[in-house]
Each structure stands twice: as structure tokens, then as C-alpha cells.
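Chains as they are written, first to last, in the working numbering: chain Z, 1 to 458; chain W, 1 to 458.
Derived from the structure by calculation, the hints contain no laboratory data.
From the three backbone atoms N, C-alpha and C, an ideal C-beta is built for every residue, glycine too.
Accuracy of the hints is not assured; some may be wrong.
[Unchecked claim] Straight-line alpha carbon distances no greater than 20 Å define the calculated EDC-like cross-link-like pairs of lysine to aspartate or glutamate that follow:
1. W/Lys216 with W/Asp190
2. Z/Lys331 with W/Glu349
3. Z/Lys418 with Z/Asp48
4. W/Lys331 with Z/Glu349
[As the list claims (entries may be wrong)] Quick list of simulated restraints, FRET-style, between CB atoms:
5. Z/Asp261 with W/Ala241: 46 to 54 Å
6. Z/Asn340 with W/Ala137: 47 to 55 Å
7. W/Asn15 with Z/Ile415: 40 to 48 Å
8. Z/Ile222 with W/Met25: 37 to 45 Å
9. Z/Trp256 with W/Ala290: 30 to 38 Å
10. Z/Ile222 with W/Ala241: 45 to 53 Å
11. Z/Asp261 with W/Ala290: 29 to 37 Å
2 protein chains.
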Amino acid sequence: MPQLTGSIVKYPARNLVTWYLVLIMLGTLLLTLPICRGSGSTNVSLLDACFTATSASCVTGLAVRSTPHGFSFWGQLVILCLIQVGGIGIMTITTFTMFNLGSKPSLRARAILTETLGASDDADLKWILRHVLMVTAITEGTGFLILLVRNLFLYDPLTAAWHALFHSISAFCNAGFALHDDSLMQFQGDIVVNLTISALIIVGGIGFPVMVDLHKNFPLGITRGWQNLHIHSKFMLTGTAFFLLMGFGGTLFLEWDGVLDQMPLWKKMMVAGFHSVTCRTAGFNTIDLASLTNATLFISMILMLIGAGPCSTGGGFKVSTVVVMALHAWKTFQGSTRINFARRTIPNEVIQAATATALLFSVVAIAALTMLLVVEQSTIPHPKSQGVFLDAAFEVVSALGTVGLSTGLTGTLSIMGKLIIIALMFLGRIGPISVFAALSRSERAVPVEYPKEEPLIG
Amino acid sequence: MPQLTGSIVKYPARNLVTWYLVLIMLGTLLLTLPICRGSGSTNVSLLDACFTATSASCVTGLAVRSTPHGFSFWGQLVILCLIQVGGIGIMTITTFTMFNLGSKPSLRARAILTETLGASDDADLKWILRHVLMVTAITEGTGFLILLVRNLFLYDPLTAAWHALFHSISAFCNAGFALHDDSLMQFQGDIVVNLTISALIIVGGIGFPVMVDLHKNFPLGITRGWQNLHIHSKFMLTGTAFFLLMGFGGTLFLEWDGVLDQMPLWKKMMVAGFHSVTCRTAGFNTIDLASLTNATLFISMILMLIGAGPCSTGGGFKVSTVVVMALHAWKTFQGSTRINFARRTIPNEVIQAATATALLFSVVAIAALTMLLVVEQSTIPHPKSQGVFLDAAFEVVSALGTVGLSTGLTGTLSIMGKLIIIALMFLGRIGPISVFAALSRSERAVPVEYPKEEPLIG
Ligand SMILES: [K+]
Ligand SMILES: [K+]
Numbered sequence: 001m002p003q004l005t006g007s008i009v010k011y012p013a014r015n016l017v018t019w020y021l022v023l024i025m026l027g028t029l030l031l032t033l034p035i036c037r038g039s040g041s042t043n044v045s046l047l048d049a050c051f052t053a054t055s056a057s058c059v060t061g062l063a064v065r066s067t068p069h070g071f072s073f074w075g076q077l078v079i080l081c082l083i084q085v086g087g088i089g090i091m092t093i094t095t096f097t098m099f100n101l102g103s104k105p106s107l108r109a110r111a112i113l114t115e116t117l118g119a120s121d122d123a124d125l126k127w128i129l130r131h132v133l134m135v136t137a138i139t140e141g142t143g144f145l146i147l148l149v150r151n152l153f154l155y156d157p158l159t160a161a162w163h164a165l166f167h168s169i170s171a172f173c174n175a176g177f178a179l180h181d182d183s184l185m186q187f188q189g190d191i192v193v194n195l196t197i198s199a200l201i202i203v204g205g206i207g208f209p210v211m212v213d214l215h216k217n218f219p220l221g222i223t224r225g226w227q228n229l230h231i232h233s234k235f236m237l238t239g240t241a242f243f244l245l246m247g248f249g250g251t252l253f254l255e256w257d258g259v260l261d262q263m264p265l266w267k268k269m270m271v272a273g274f275h276s277v278t279c280r281t282a283g284f285n286t287i288d289l290a291s292l293t294n295a296t297l298f299i300s301m302i303l304m305l306i307g308a309g310p311c312s313t314g315g316g317f318k319v320s321t322v323v324v325m326a327l328h329a330w331k332t333f334q335g336s337t338r339i340n341f342a343r344r345t346i347p348n349e350v351i352q353a354a355t356a357t358a359l360l361f362s363v364v365a366i367a368a369l370t371m372l373l374v375v376e377q378s379t380i381p382h383p384k385s386q387g388v389f390l391d392a393a394f395e396v397v398s399a400l401g402t403v404g405l406s407t408g409l410t411g412t413l414s415i416m417g418k419l420i421i422i423a424l425m426f427l428g429r430i431g432p433i434s435v436f437a438a439l440s441r442s443e444r445a446v447p448v449e450y451p452k453e454e455p456l457i458g
Numbered sequence: 001m002p003q004l005t006g007s008i009v010k011y012p013a014r015n016l017v018t019w020y021l022v023l024i025m026l027g028t029l030l031l032t033l034p035i036c037r038g039s040g041s042t043n044v045s046l047l048d049a050c051f052t053a054t055s056a057s058c059v060t061g062l063a064v065r066s067t068p069h070g071f072s073f074w075g076q077l078v079i080l081c082l083i084q085v086g087g088i089g090i091m092t093i094t095t096f097t098m099f100n101l102g103s104k105p106s107l108r109a110r111a112i113l114t115e116t117l118g119a120s121d122d123a124d125l126k127w128i129l130r131h132v133l134m135v136t137a138i139t140e141g142t143g144f145l146i147l148l149v150r151n152l153f154l155y156d157p158l159t160a161a162w163h164a165l166f167h168s169i170s171a172f173c174n175a176g177f178a179l180h181d182d183s184l185m186q187f188q189g190d191i192v193v194n195l196t197i198s199a200l201i202i203v204g205g206i207g208f209p210v211m212v213d214l215h216k217n218f219p220l221g222i223t224r225g226w227q228n229l230h231i232h233s234k235f236m237l238t239g240t241a242f243f244l245l246m247g248f249g250g251t252l253f254l255e256w257d258g259v260l261d262q263m264p265l266w267k268k269m270m271v272a273g274f275h276s277v278t279c280r281t282a283g284f285n286t287i288d289l290a291s292l293t294n295a296t297l298f299i300s301m302i303l304m305l306i307g308a309g310p311c312s313t314g315g316g317f318k319v320s321t322v323v324v325m326a327l328h329a330w331k332t333f334q335g336s337t338r339i340n341f342a343r344r345t346i347p348n349e350v351i352q353a354a355t356a357t358a359l360l361f362s363v364v365a366i367a368a369l370t371m372l373l374v375v376e377q378s379t380i381p382h383p384k385s386q387g388v389f390l391d392a393a394f395e396v397v398s399a400l401g402t403v404g405l406s407t408g409l410t411g412t413l414s415i416m417g418k419l420i421i422i423a424l425m426f427l428g429r430i431g432p433i434s435v436f437a438a439l440s441r442s443e444r445a446v447p448v449e450y451p452k453e454e455p456l457i458g
């Protein structure tokens with residue numbers, strides 16, 4: 001028994017699957033209890049409970065059942081607990097795994113924690129958990145207070161507090177569950193709500209190591225602080241800013257005469273900005289996604305695929321992975337075989353790992369989309385199933401990136417379809433860190449070098 | 001002037017853009033001549049002539065105008081000449097470039113030609129052109145004779161010969177132009193036509209170096225011959241077989257009760273097999289693409305993206321690129337940093353180039369699809385533009401992979417849409433070899449190595 005406990009503490013990534021399965025099963029059981037059912041709504045089927053529990057634990061946000069009406073207060077509380085545990089859990093475990101696993105020094109990224117925050121050389125689970133809890137409490141607490149003040153103008157004190165708590169946790173954990181059937185569409189023009197939720201999402205998605213790094217270097221002032229930042233933080237901050245701007249500009253341009261039509265300029269900008277923030281794995285929405293143009297939906301899918309940062313509550317490819325791959329391609333075209341950035345060289349193993357991860361991600365997405373198209377459409381020819389392809393692609397990307405946005409397909413999924421989406425949400429949450437763990441397994445013997453012979457490419 | 005000629009012969013890739021532009025302009029001018037217009041059809045507009053000339057020169061096969069009815073015999077002859085020149089040209093120039101360009105020995109794949117066929121160490125343009133012409137003449141000649149015999153049962157001798165010639169050239173060049181409005185749908189159950197066209201497509205798409213390598217090693221018998229093959233040929237043959245089987249199995253399974261319904265088993269298999277062959281950049285069809293299920297269309301898009309082989313008449317990512325990337329990912333997951341295959345080590349530069357090419361391809365496809373969605377749909381929201389997303393994605397992939405299949409969007413494209421597709425066909429044809437040329441530019445000074453620092457990924 002102590003041996004088991006020891007193993008769990010020492011290798012949390014190995015037990016990640018078990019942990020999340022237990023969390024989901026527990027959530028499923030609780031959500032099927034009659035007390036969790038919303039008054040006047042139908043019984044929660046086992047499949048729907050499992051879907052909701054998976055969506056909450058994996059902080060995805062896809063819903064087959066209305067959160068405000070399909071579940072009672074107790075049901076919502078269960079969902080909120082799953083979100084909070086799932087969010088804190090993934091941040092803690094991914095951070096621990098990233099910084100401790102693997103005997104290859106080149107794949108141990110411990111430097112950020114040890115160098116920048118003075119964590120002991122063997123940054124242990126407890127240390128990380130304590131700091132993650134601290135960051136979570138501070139951020140969610142601040143968000144809660146601001147939202148509470150805003151909500152007091154709208155609801156009675158108890159409802160105001162409950163909504164503020166729920167949305168603050170859901171936003172920081174990038175979960176995307178909301179206590180309104182229209183997500184946050186009724187707050188489309190509400191500056192306080194938009195800014196607070198956006199800030200919570202961005203902070204939650206940037207990743208724990210970046211927060212630690214920023215906290216350390218903030219006192220040095222902007223210029224010196226920036227220079228001092230770890231290369232990972234620079235990548236994440238620049239990349240996040242770039243993709244946020246891309247999403248903002250794209251949405252603004254493409255929807256100017258679309259859903260943004262007839263809005264004043266400041267509102268156009270706020271709605272486009274919020275959409276850009278939420279696509280990158282949060283999953284709230286202040287516009288009806290189904291009424292966006294295909295071009296906007298496509299850009300949104302790209303943003304959802306890219307996602308947020310490692311060791312965060314967000315999902316996707318991860319911004320830093322995309323930045324590494326882009327730099328790699330750029331340097332290759334320049335004829336260089338070494339990636340230097342800000343006077344640092346990025347080890348080849350990292351680039352290899354990024355490419356392999358991206359490829360695996362793509363293969364899973366392709367296979368899942370094919371399967372979903374098969375089970376949802378069977379033999380319906382293309383002209384009779386108009387539009388379902390985009391809906392299905394959007395749903396797959398949203399589940400795998402643990403984003404939670406949907407053009408409306410979630411509600412009409414068949415049993416098989418729901419099972420596929422459940423599997424994808426689980427894979428999207430557990431997959432990346434497991435892949436990383438696999439990549440950093442103890443060093444193998446270096447294979448023989450044979451005479452070189454190159455295949456033609458391109 | 002002699003200097004100019006020398007430069008053209010020495011660096012054909014540099015002049016590739018010019019050559020193809022001249023070919024396309026010439027074709028455009030010829031096709032606008034009244035004599036090229038089909039009797040009873042409307043005048044050929046400049047844009048449509050340019051579209052057709054680009055499609056033919058780049059051996060793509062997308063058509064805004066019916067080949068049999070929109071053009072006279074003379075028009076069809078112009079198209080056929082553009083196909084033949086475009087096909088032979090791209091094979092010759094890509095082979096020459098691959099084997100001669102670049103001062104990095106690791107990016108000179110000359111070994112296949114020099115070692116296996118005893119070409120002089122500086123395999124020159126004339127040598128390659130002569131051999132490409134030989135291969136083309138033999139293959140197209142054989143195809144022509146078989147198709148001629150078959151056609152004599154159907155048409156008068158002159159028509160039979162013309163159809164046999166046109167389809168034989170169009171198939172070997174992977175062009176996909178046909179002298180029937182329904183492509184080859186009326187030959188759906190014709191074993192001779194199916195096998196002949198399929199064989200021409202596969203031979204044309206496998207790539208000139210593989211043909212040379214096979215020719216050399218064929219006399220050694222299967223076992224020793226296989227062992228003796230260059231690693232590139234092994235990749236291409238294995239990969240092509242794998243993707244053909246994947247397309248065949250996928251189509252058979254997904255369309256069993258769909259378009260293949262009510263066909264006898266042998267016909268189901270033949271139609272599925274032909275679809276699998278044609279997706280990989282040929283562009284003929286024996287089934288109505290628009291009536292396939294979304295799942296089949298999606299798989300077809302993946303096959304179109306992968307495409308055929310380097311130094312061939314086919315387009316796409318190229319099979320060998322995909323094989324290299326898959327091997328790379330596989331080895332990475334096994335914890336190895338070196339790719340060994342069949343007692344050969346694949347140089348890192350090749351893997352880098354493959355990844356960079358794939359990334360660039362994806363970026364172009366994403367940008368083009370976004371643009372096409374914008375110009376074709378402007379502000380029409382998703383629910384009102386049902387199905388167009390898949391059609392547009394299919395069209396983009398088809399143009400960029402120089403495949404030429406379409407679910408029917410080509411005919412309804414706006415002027416801007418046509419221009420985008422023209423640009424994509426051109427890029428899909430000229431892009432890969434230009435990228436390769438850029439990648440093999442003279443070696444830069446190796447950059448300084450800084451202290452290593454890794455971003456987190458995954
Ligand atoms: K989410
Ligand atoms: K083609």
C-alpha cells in the first residue's frame with residue numbers, strides 16, 4: 001500500500017488515466033442521482049451523465065443537456081467540482097510530469113521552475129500543487145469578486161454569488177460551462193463581464209510555468225524582465241498575442257456585415273475580441289456560432305486546434321508547439337539546421353517531439369472525423385447531408401482541443417456519436433501529457449548509423 | 001544570348017515559373033481563337049481560356065467548360081498538347097533539379113540516377129529529357145494501343161484513335177481531362193478501360209526515378225531486385241500500395257450501401273479501386289463525386305493531399321514525404337533520434353525538409369480555403385450555405401494537389417474564385433520543386449550554438 005502511494009506520487013502521469021477515469025465515473029454516478037436533475041426536466045440518462053461528467057472533468061464544455069435547466073443546483077455543484085478538480089489536477093500533473101519525468105536531460109524542462117522560482121531541484125508534487133492552488137485561489141477569487149459586484153445589479157445576492165463563483169471557476173479552468181442556455185450571449189455588450197471572463201481565460205490558458213516566470217521577473221521592470229524570461233514564456237506570450245490578434249482581426253473582417261452588423265464599433269470590437277479569446281479553448285460564446293460564416297468557423301477551428309499553453313487548463317496543439325514548428329520551418333527555408341532564438345538554441349529533441357505530437361494529433365483528428373461522419377450519416381450522400389461536414393469537423397476539433405464550442409451538432413448526436421466525442425474529450429485531455437511522458441522515457445541505446453541514403457521529397 | 005541559354009539549361013528550376021507562364025499564356029491565346037470553340041457553344045472568355053490552359057499545363061483537370069462540347073477538335077488538340085508538354089516538362093525539370101541543384105551533398109539525391117542507371121555523374125538535362133521521353137512514349141504508346149482496340153468496338157476508327165490517344169496521354173500525365181462530359185462514368189463496368197487507365201495513372205504517378213530504378217533492378221528477380229532498390233523506390237512502392245489499399249477499402253466500406261449499392265461484387269471492387277487510384281492526383285471519375293457520402297469525400301481529400309511521387313506527373317505532399325514524416329514520428333515515439341530503414345540512415349536534412357514542406361503546404365491550403373470561403377460566400381451565414389464548406393475544401397485540395405476532382409463547385413465559381421483556383425493549380429505544380437530548390441541553396445555558415453533552452457510542448 002505505501003508502495004502504491006509512493007508510485008502514485010512519483011509517477012502521476014502513469015496514473016493520470018486512472019485518476020481521470022475515477023473522477024469521471026464518480027461524476028457520472030452523482031449526476032444520475034435524482035437530486036441532481038433539474039426540476040421539470042427528464043431523467044439524466046447514464047450516457048448523458050457520463051458525457052457531462054467527462055466534459056466537466058476534462059474542462060471541455062460540450063453539453064448534451066442544458067446546464068441551467070437540465071440540472072438542479074446540486075447537479076450544477078457536481079459539475080463545478082468536477083471542473084475545479086479537473087482543472088487543478090491537469091495543471092498540477094502536467095507541470096510535475098514536464099519537470100520531472102524522463103532521464104534525458106534535454107527533455108527535462110525543470111529549469112523554469114528551479115531557476116526562476118527557487119523550487120528545490122526535485123520540485124515535488126506537493127510544492128507544485130501548493131503553488132497551483134495559490135495561483136488558482138488568487139485568480140478565481142479576484143474574478144469572483146468582480147463578477148459578484150456586477151451580478152448584484154442583476155440578481156438577488158445568493159444567485160449573484162453563485163453565478164459569479166460558477167463563471168469565475170469555469171472561465172479560469174477554461175471549461176466553458178455557463179449557467180445560461182445561451183452561454184454568455186446576454187452579456188454581449190457588458191464590458192465588465194467580457195473583460196473579466198477574458199482575463200480569467202487568458203491567465204488560465206497561458207500555463208502555470210509562464211505565470212511563475214512572470215511573477216519572478218515582473219519586479220525587474222518591462223525591459224529587463226522580458227530579457228530575463230525563459231524562452232518558453234517568450235514563445236507563449238508572443239504566440240498568444242499573435243493568435244489573439246489574428247482571431248480578432250479575422251472575425252472583425254469576416255463578420256463585419258455578418259453577425260456584427262448593426263453593432264456600434266466598440267461592440268463589434270468587443271464581440272470579435274471575445275470570440276478570439278474563447279476559441280482558444282475556453283468555450284464560452286457571446287454570439288450564436290451557428291450563424292457565423294463558414295470562413296469564420298474555419299478560422300475558429302484553426303484557433304481551436306492551436307489551443308493554449310502547456311501545463312495550463314487549456315488544450316489543443318499548444319501555442320509553443322506551433323511556434324517551435326513555425327520557427328523550425330522558417331530556419332529550414334533559410335538553409336539552417338539549428339534554431340536559435342533570443343540567444344538560445346532549441347534542442348533538436350524538442351523539435352522532433354513537437355513534430356511527432358502534431359502528426360499524432362492530426363491522425364487522431366482525421367480518424368475521429370471519419371468515424372463521426374460514418375456513424376452520424378451512414379450512407380446519406382453529400383447533397384442530402386448539406387452542412388454536416390463542417391458541423392462534424394467543428395465538433396471533433398472542439399472536443400479534441402477541449403474547447404467546447406459547437407455549431408449545434410452536440411444536441412443531435414446519436415449514441416455512437418456521443419461515445420466518440422466522449423473518447424475525444426478524454427484523449428484531448430489525457431493524450432498530450434501521456435505522449436510527452438512516452439517521449440521522455442529513459443534513453444534508448446543510440447541505434448547504429450548506416451550509410452546515408454535519402455528518399456526524394458517535395 | 002548564349003549566356004541566357006546557358007543559364008536556362010543550367011538552372012531550369014529558376015526558370016520554371018517563366019516557362020509555365022509562357023506555356024499557359026500561349027495556351028490561353030490559342031484557346032480563345034474562334035476555331036477552338038465547340039460548334040454551338042458560347043465564346044471562350046479570356047478567364048475561362050486561362051483557367052483551362054492552366055488546368056491543362058499544370059495537369060490538374062479542373063474544368064469550367066466542357067472539354068467535349070465547349071471546345072472543337074482543335075481546342076481539344078491544344079489542351080492535349082498543353083497536357084503533354086506540361087507533364088513531360090514537370091517530370092524532366094523536377095528530376096533535373098532534384099539531382100543537380102544545391103551544393104549540400106546531403107540534399108543531392110543524384111545517387112539513384114548515377115548508381116542505378118549509369119548516368120554520367122552530372123546527369124544533364126538532355127540525358128534526363130531523352131529518358132523521360134522514352135518512358136513516356138513507351139507507356140503512352142502501350143496505353144494507346146490497348147484503348148484503341150477497345151474503342152474500335154464503340155466508335156468509328158478515327159474517333160476511336162483520337163479518344164485512345166487523348167485518354168492515354170491524359171491518364172499517363174495524371175491530367176484527368178476526358179472527352180466525355182461524365183468523365184469515364186460510362187466505362188464504370190469496363191474492365192479493359194479501368195485497368196488500362198489505372199495502370200497509366202499509377203506508372204505516371206510513381207515518378208521517373210522509381211521507374212529508372214525498377215528498370216535496372218527488374219532483371220535481378222523479385223527478392224534480390226527489391227533488396228537492391230534505392231530506399232526512395234522502396235518508400236514509394238510500399239507507400240503507394242498502402243494508400244491505394246486504404247482508399248480502396250475505405251471507399252468499398254463507406255459506399256457499400258451508397259453509390260456502390262446494387263452493383264455486383266466485382267463491379268463494387270472495380271469502382272472502389274478506380275476511385276482510390278484516381279484520387280491520388282489523376283482526376284478521372286467513374287462515379288458521380290457529388291453523390292458520395294461526406295466520409296468518403298473526406299478520405300478522398302486526405303488521399304488527394306498525399307498525392308503521388310516526386311519527379312512524376314502527380315502532385316500533392318508526395319507519398320515519400322508522408323512516409324518520411326510517419327517514420328520520423330514513429331522513431332521519435334520509440335525514443336530514437338535516428339531514422340534507420342532497411343540498413344540505411346535517412347539524413348536529418350531530409351526530415352527537416354519534409355516537415356517544412358508539409359507545413360508550408362498546410363499554410364497555403366488553409367489560407368486559400370479561407371479566401372475562397374470569403375469570396376464565394378461573403379457574409380452568408382453557415383446555415384444558409386449548407387454544404388459549401390466541404391465543396392470548397394475539396395476544390396482547394398483538388399487544385400493544390402493538381403488532382404482535378406470536383407464535387408461540382410468549379411462550374412459555379414465567381415471570377416475571384418476562378419482566379420484563386422488558377423493560382424492554386426499553378427502553386428501546386430510549381431511550388432514543391434521551387435521549395436526544394438530553395439531548400440537546397442548553397443550552404444549557409446552554420447550559426448552559433450547558444451546555451452540550449454527548451455520551450456515546453458505537447
Ligand atoms: K473548454
Ligand atoms: K490531375
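Original post:
Lying within 40 to 48 Å: is that true of the beta-carbon distance W/Asn15 to Z/Ile415?
Top reply: Violated, at about 60 Å.
**OP:** Measure nothing beyond the straight line between the CA atoms of Z/Lys331 and W/Glu349; if it is 20 Å or shorter, mark the hint as holding.
**Re:** holds, 12 Å
Original post:
Given the hinted pair W/Lys216 and W/Asp190, is their alpha-carbon gap at most 20 Å?
Top reply: violated, 33 Å
**OP:** Check the following: the C-beta atoms of Z/Ile222 and W/Met25 are separated by a distance inside 37 to 45 Å.
**Re:** About 55 Å separates the Cβ atoms of Z/Ile222 and W/Met25, which means 37 to 45 Å is violated.
Original post:
Given the proposed pairing of W/Lys331 with Z/Glu349, does the C-alpha separation stay at or below 20 Å?
Top reply: With a Cα-Cα distance of about 12 Å, the restraint between W/Lys331 and Z/Glu349 holds, given a limit of 20 Å.
Subject >> Outcome of range test on Cβ distance (Z/Ile222, W/Ala241; 45 to 53 Å) >> reply: violated, 58 Å
Original post:
Is the gap between the beta carbons of Z/Asn340 and W/Ala137 within 47 to 55 Å?
Top reply: For W/Ala137 against Z/Asn340, whose Cβ atoms are near 51 Å apart, the range 47 to 55 Å holds.
**OP:** State, for the Cβ atoms of Z/Asp261 and W/Ala241, whether the hinted interval 46 to 54 Å holds or is violated.
**Re:** holds, 53 Å
Original post:
Hey, Z/Lys418 versus Z/Asp48, does the alpha-carbon distance stay inside 20 Å?
Top reply: Judged against 20 Å, a Cα distance of about 8 Å means the pair holds.
Subject >> Cβ separation of Z/Asp261 and W/Ala290, checked against the hinted range 29 to 37 Å >> reply: holds, 33 Å
Original post:
At the C-beta level, are Z/Trp256 and W/Ala290 separated by a distance inside 30 to 38 Å?
Top reply: holds, 32 Å
In summary, the structure is inconsistent with hints 1, 7, 8, 10 from the numbered list given earlier, while agreeing with the others.
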